[in-house]
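*Asks:* Sequence:
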Amino acid sequence: MKNQEIARILERIAEALELKGETGFRVLAYRKAARVLSELTEDVEELNRENRLESIPGIGTGIAKKIQEYLATGKIKKLEEVTKGIDPELFALLNIPGMGPKTIKLLHEQLQVNNLHDLKKVLTDGSAAHLPGMGKKKVSNILKGIEIAEHTGQRMYLNEAFELAENIIRYMEDTDGLKKITFAGSLRRGKETVGDIDILAVAKKPEALVKKFINYKDTQQILSAGATRAAIRVITNYGIRQVDLRIVEENEFGAALQYFTGSKSHNIAIRTMAQKQGLKISEYGVFREEKRIAGKDEVEVYQALGLPYIEPELREDRGEIEAAKEGRLPDLIQIHDIRSDLHLHTNASDGVSRLEEIISACKNIGYSHIAIAEHSISAGYAGGLSEEELMRRCDEIDKINDKLSGFRVLKGAEVDITLNGDLDYSDRALGRLDVVIASIHQGFNREVTKRICQAIEHPLVHIIAHPSGRLIDKRPGYTVDLEKVIECAANFRRILEINAFYERLDLNDIWARKAKEAGVLLAINTDAHGVADLDWMRYGVITARRAWLEKADVINCLTLNQLLKLLREIKQY
DNA sequence: GCCGTTTTCGGCCCGACTGTTTTCAGTCG
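So for the first sequence, this note's numbering puts the first residue at 1; every next one is plus one.
Rather than coming from a laboratory, the hints here were simulated on the basis of the structure.
Be a bit skeptical, because a hint or two may be false.
Taking CB as the label site, the calculated pair distances span [unchecked claim]:
(1) E249 / E39: 31 to 37 Å
(2) I335 / L560: 14 to 20 Å
(3) S368 / T272: 45 to 51 Å
(4) N114 / T23: 19 to 25 Å
Virtual Cβ for every residue (Gly too), placed ideally from N, Cα, C.
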């Protein structure tokens, strides 16, 4: 699929236009098209063949033509045109906090700054400070920005982001006069990675709260500290992270929460819609003329626009507003709907906890059943079980189940799909298992689609684990056609996994939604290798919610008997 | 460059903070 490369080109065109001094809406249009394209699951080539490019919202005749040009020739003339004369290294300067297109343009034109090296020079030798609109303070802020850009890690995984947000909120909770405090932003929407933490509060004494905030123990730098707003950089175990605080009045809280939860594109769509109704919406409320008509909570804000409440995870401008208007929003799955975790490792393979510990922890969470799925024989690096060891493990689990009441351990395995698409246990061994999970751990680029589909067609397989194989920001995943995998899973009634490990989240939100739309059931599993990992279920559920999944779409919400019935039916299918 | 429950032209979301300025531009979210 060429969606991502084209999206990157469109984004680059937007940046180049900005650097050339173009402001305004053409830039926005390219940005929007880039975003929409990067989130699209359908192949642009396919859409082009069917002459449907312009049916994509945000893509009109102009950009459609450019996409066609790229598909036909491998390049877009417009890109070459607008980037002509811009040193490629100049684009990198946009990543420095405090440096926007205007400043870069100024420094480039006045002082021939073409890259980071030039930039540092004109900042330190004093020449930049003499330019119009520049000054000592601005120069020192940009220097700090460079330092930050060089030391700030990439975006946070969900585990780090939740931990940081919840730590800061806990720290602030005893501030005198604090009435409400919560996190917003992309973390509240459950995005798979989070750039910074947004915290929203209501306080009797805002100044006291700002003071408390900027004095957080891990504060490394105070970026700003106003009457109602502040921003700090914090050192965590993973790098330097930004945290923003916003303080509002109690009757504005809902409007502010809605606003700071975003996403930006959801908010733009909401505001545009409000405008058409003669309303104005901001973080202070919904207004008709000067009169505030809503704002104290989010329900009220959406209601003022004639919409039902839209869950944060849906707010990505991916059709949720239309669905809300038409009353067909999903009733999203919730964490307490989960009755089981069906992909768990123990110290029998490469896990760290004993089976007894896992059982006890899962009982405490409130699950009624789990499935143990150790690695299979080809996964030697992960302590994969031989067939004999697997059979002994099954005996053990049978014995344990005899002693348990109100809880059941299912016998399973995470079976490797070999290079020729077979499974590495015999049918006799697989036949003894309650649940068979198949997955790719080798040959990431070798006919993966065909091999996964072959596994799906295997009569004893129930679930395909981490179907894309990606590790977020670390590894792109297998060379695999997920569209085909989903189609195949739908045809053979197999289940696809949302692996809840925060570095995987695989299937991701977009593909899981696609799977649901194709009629495929999903499993949310932690793939835990120890008791501590069981909490990852939270990230899996949030991903499922972003995928519009309901309780009925997820097999972890089934009772034990319902699940066993389903697994048997799959075998007979 | 996109788009249409006023429109195929003329709109396109809204506000805080900072640093530079004497009223505002740039950046950020």
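*Asks:* Find the hints from earlier in the document that the structure breaks and name them by number, from lowest to highest.
*Replies:* none
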